[in-house]
Amino acid sequence: MRTYFLNRLLQSLLLLLVILTVNFFLFRVMPGDPVRLLFHDPRITAEQQERLSRLFGLDKPLIVQYGYYLVNTLRGDLGMSFFYREPVAPIIFKRLANTIILLLPSVCLSILIGGFLGSISAWKRGTKLDAAIFSSSLLFWSTPLFWLGLAIILLFIGIWPISGMKTAGADYPNLLAQVKDLLSHMVLPLITETLVLQAQYTMIMRSSLLDVLTEDYIVTARSRGFAEKTVLRKYAVPNAMLPMITLIAINMGLLVAGAIQVETVFSWPGVGRLMYDSIIQRDYPLLQGAFLIVAISVIVANLIADLVYGYLDPRVRIGGAKH
Amino acid sequence: MLLKIRALPLISGVILLTLLVAACGPTATPVPATEAPTTAPAPPTEAPTAAPAPATEAPESEAGGTLRVGWTQEPDTLNPLVYETVQAGLIFREGLYETLVGVSTELEPEPLLAQSWEMEEEGRKWTLHLVEDAVWHDGEPFTAADVKFTIDYIKEYELPGLLSYVEAIKSVEAPDDYTVVIHYETPLATTLYDLQSVWIVPKHIWEGISGEEKGPLTFPNPNPIGTGPFKLVRWEKQQEFVLEANEDYWQGRPNLDRVVFEYFSNMGTMLLSLKEGTIDVIPWEIPPTAVDELKENPDIEVAMQPNLYYRWINFNVSGGGNPALTVKEVRQAINHAIDRQFLVDLIHQGYAYPGVQIIQKASSLWFNDQLEPYEFDLDLARSLLSEAGFEDSDGDGIRENEEGTELAFTLLIINRWPEEVNAAEQIKSWWKEIGVDLTLQPSDAGTILGQTVPLAHDMYLWGFSGNPDPTFSLNIMLERQIGMWNGSGYANPAYDELFDTQKETMDQEERQRIIYEMQEIVHEDAPHAILYYMNAIGAYRSDRFTGFVPMPTGIMSQLNAHSLRVVQQVQ
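Those sequence lines, one after another, are chains A and B. First residue of the first sequence: 41, per the numbering used here; consecutive thereafter. First residue of the second sequence: 16, per the numbering used here; consecutive thereafter.
Same shape as in the complex, but just chain B (with noise of 0.2 Å):
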């Protein structure tokens, strides 16, 4: 029996031992790509000795090295044609894959694996000229039947994630290896932002992969075959995910040798990691009140960029909540009730923007900058609820109508958000003085989508990611989408309309216009409050790295397929 207690301090001993020398020992620093090119390149752990090159010489850049990057999700699959987080999407955009259209940094079409294009029969057929010296990872040459199969094999399978941008598509013709012919039913405005989002994948290696089984729906694409600058290394969830250069990329090998994503499980260790030089670029994650801190640091650059992205409180107005929500000047009002650039301030440190109306301020193209933004004026606020006949006749400080219907109101709020929950505080007392009664009820995700998808709520806190191209914003509010992803009940035969005519409208300033009238149709109907537009805030170690593009949705993204290929090492 005392063997056994013996044996405790043995292996503890042991355990204590082995922990001092390895301690000891040197950090293991990452161990470049054996095929490294002949500049060596500079050992990424020890902090840098010298002081940073003064700003008048331009820093010597230099090919190689290994870029880590820090995040704190990952993405869910290799799989590109049924993906659904940002995460994936960024390490196809930046990597992996690549579509027929590219994304400029205005995030308008540009030339990428279709190298020109023409449009006939007024959009009804599409001829796109592909590229000719891609190769795919494994060797084989990428051609125009590899877009044939994939455009097909989206629809064969109803492939979720991508069937949007494809179902439209009547045919799709590989005349010769490098032209495409698209054939469409009607014409589609979007056509070249849908081929934005079309993976293309290799053909020779997905017309093996088949049936509802083992077909794409449940394949992990484990070593995933694309043609981009990139090809992938290992993943190991939630630890690494690294990355190396393709050295036959058709627009040549990029600057770096790899690239690895590093895991963190919290935020604060990743902003230390960074500041501690054991990883170089947190691409978009970095949270405002970080901001000032990292500001200060000689060695980081913060890159704040415009994001497709949004914050907003969605109002219930198909009556199924609170029905004073169905009233248009209850629901102006309490827009005039929430100051939005003093949330920006105090939630956001002044780094986002008071929003506006559905489609994004980055989105300069669409955006309609005419409409007039609803000023915080709680007297109007006050007046436009006494007009649409709500008072405090008997004095708890809550109005309420002929009806007895109190303008009472639960908001659903994620609890994951705790910026939000306090700029929820701050709009209850705002609503307080005008006399409307608001309930906070922090709750998760799927709690909340169970409430708000069978319009069972009154209003919810939520967040909206855009496209480049406007009709995913649009779309939400269309009464085709209540029970889906229309979450307010908004319900206006004109805007529907509307929409249909733009998607069939390929003049691009008839377009627009077609989609300034829709904003301020559903502006004016105020079926929602748009609270901030947010920016996408990153930062990186400006003394190794340089050369990351900026564009809107950060220096890293799922739209910029810029960067990566060519930052390079800072000598």
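Chain A extracted, bound-state conformation (with noise of 0.2 Å):
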């Protein structure tokens, strides 16, 4: 197990550096000169733009910055956002933080309700519970989450907030008041996300189980004599739910990034819109930090993925051969 394990990191860590190389260079192909876009004045002149182009390191050679990059981005230096002048770690980690706190919960129900409506799916296969479950889920993953969101808006404005992750202007007596406000500010968003969320996971559990449930193992344990609901529930669902757990790891890299649609429709203060808003402003350091942070997010999601898989599977660990 530890040598699986040492694997997987080192792995990772060939990766990140691959990642951060890749995000340097990117930024810096991209057309529209920074400087230029940020100091409006028409009577800046040639020498306040090298000034100010040396003030953010922008005039070094290409390759100079990229060390800087690497040995300031070890230190968790990650620059100054040319926008807001600030530092950038701190403002990715609290946007970060915010995008958690959304996602999180979102996936959790997600994982809850599409394994438990996608295990009815394919057990009654064929019947029209089965067809309703099947359809609901096509129509809501391919609902366009922000018209989805738009729609919750319509129907429940009023009832909870619409925008925000907090009310705007508040002062909170103590900390049960600022806990209630941010729920009631996330009801809306959460359900949006889940809807969307929920019903890939429902497809995807129901298609794994069918899969598993053609499995010799099945038809044994069933001439055994098993109760239907006991094969299901201790051979049947836990071998599906392996290939879950790879494809909600994959699919977590999307989850953040796909993130900016409900921040956007809902005014959440996370870091999909906080890229988004980045690339429109050429705030090169606030990107690539943003863009660094997501892909570290992502090859730990991956690699906790792997290492719960190699725990639970067995023949992952031992690599490969079937008993």
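By construction, these hints were calculated from the structure, which means they are not laboratory data. Source: prediction; values computed, not measured.
Pairs of lysine-lysine residues, derived as BS3-like cross-links and limited to a Cα-Cα distance of at most 25 Å, are as follows:
no. : chain 1 : residue 1 : chain 2 : residue 2
1   : B       : K185      : B       : K218
2   : A       : K206      : B       : K290
3   : B       : K447      : B       : K343
4   : B       : K170      : B       : K218
5   : B       : K252      : A       : K134
6   : B       : K518      : B       : K140
7   : B       : K343      : B       : K443
8   : A       : K269      : A       : K168
9   : B       : K518      : B       : K170
10  : A       : K206      : B       : K252
11  : B       : K163      : B       : K229
12  : B       : K229      : A       : K100
Hints in hand, dock the two standalone chains.
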């Protein structure tokens, strides 16, 4: 197990280095000079532009900038935002936390609902129940998230807050009031995100379980006289969960970037929206930092998924041979 | 292994439960500041249950309350010496800081921190008398030393945003606490206007901000100390921006207790929030398409003010793009082939004005209203093109001249303005009728500037925001601005000479005459097509608040220092 873990860790670190490099060079290649875009006064002289270039380190040769970038990143210094003129790292971490606050419950709920509905659908395959679950999942999966969000806003306006993470300008007498305010702001975005996400997981679980139900050991279990529910609970579902874990881990990366939709509809101050704004503003350091953090999150998520998978499925650890 | 699967339902169940509990509780109402006056403000989150007061009764106003403002773009920084966004400008102007000279509702200079002034030596010496009871937010008194410090400081660090307003100043003296003397090498006609833009900062704080690394260029100024009517409570980026009343403000405490700016990621939910009542005012971002619906709402008042902003198509007359654009008749012809009023009606629901020249219509003193706009006349356009030697000899629908130069242009346009992309499609169809081919190339601002600054483009559609003083708008046509902010390559020595003359002409009437002449010259040469002068469209809950002061650029803006001080609740 330990070699497996070390192996995966090493791979992840290598991947990280590659991402750092691609990250850096990608933004330098984009057209549009950031200094010019930033300072709009018609009377800014060539000297002043040079000064500002120097201040932000944009005048040095590319390879030198790259070197600085690597060293600084390892020290945790992700540079200074062009737009806000403040350190990048704290901005990103705060926004990432906001995104996670919304996405984590959403993912958990979606896994639960999706796993449950998918199981029923597969178990009762061919019935009207299956058809209902299957088609509604397709419906929610294919609905654009921002459209669904707007529809939900129109339905529930006045009942729950439709924008933001907190009531603007509010001062809280205690922590409980603050938490309550946060939770009430979470309701609508959470419903929206979960509706779309659970549909995906339902479909994944359904097909995964259908696959498992054709396996030999299921036939064996049935022929040994176990009740159908026991077969499902002890043999089928646990094995069906394995591909689901992998797929969810792969999904993680898309999730954070895709959060931009729900963050835009509900004005949720998350990292997806931050990335979009930095693109428009050509805020290189901020964008770079955000991409990096997201990439790290994805690598970590996949690493965890691999380890969990390795723990759950002995075949992966030992190296493929079927018992 | 099964334990792991069971943990999920548990977590999810807890989440669901807490959500239900939270959702059933009341939504938090913004708690007013603890220094609230004795009158209790009305709770803002509930929709008004009473019918609005009938028009014949004057609404009773009341001190206190929290005004909630919606915006979709935030300030970039709290540092008034290096900021770039108009949102930051709004915060400084309406609340935190003040300038020596104020902006009147007609955009003219008026007393503010400088209560009176005398001009001597034909403009080379200005003596300003300062207000004597102004204090900084931390209690220190405002004196002439702060003014001298601010101007010297901007010059010392060559701070890009404000340098242009003070670089002509030779020296500043503070002979006593409330007198400032400014010396110029040569007289400057824009002195009072320039001083409208220089935010005065406290010496006792900023003298400690020094050096290149830790100096003003990178100083975020998280606890701004100004002389303005409001103080900063907190700023949670892209969430909330909270101001509170300055009790010791020298013109008297504002009526409001607090102003809260709420950030929205999209216009739709912001408009919904205004209608529903979770915010009270949207100062200027309302799109023309939303106006009619808002007007029908009895609780909402739409406030439309002319803006110093226009949209235009700038041609590359330097020859770096299509050489046909170096021919004046070609440019005039395509100007005649744009029906501006039609575009105003189609794209902006009629809530804009057809554009004429580079000084905005809202700038009432300086706008040359005697210029004849380019009338929409396709026949005239065709004859102008023929005169210039462009005919469609090969029958492909595009005119060319004897050297083979075709009238085929590429228009760079910002893709974040879908309404202008529509306008451009319309223009394309008009130009087709006169034998000009137009290709649209939507892109983003950075990419566009990458082409226009080195003058490698044909034409681009852009926006421009002016100042009360016309120098800023006239600047962009100067030859010396090529490579910087002259995006057309226009170079006319006569124009440049007039520009330098008007800068030193202290007599207002004479200066106006010169500026009128400059507009005539440029209008005739037509290095661009000004499309429309836009309006700043705002809306507010008239059932809750009253007293907004309308002026060009909006009921709240980076030039309007009047509104927030006097806005008050309706009872």
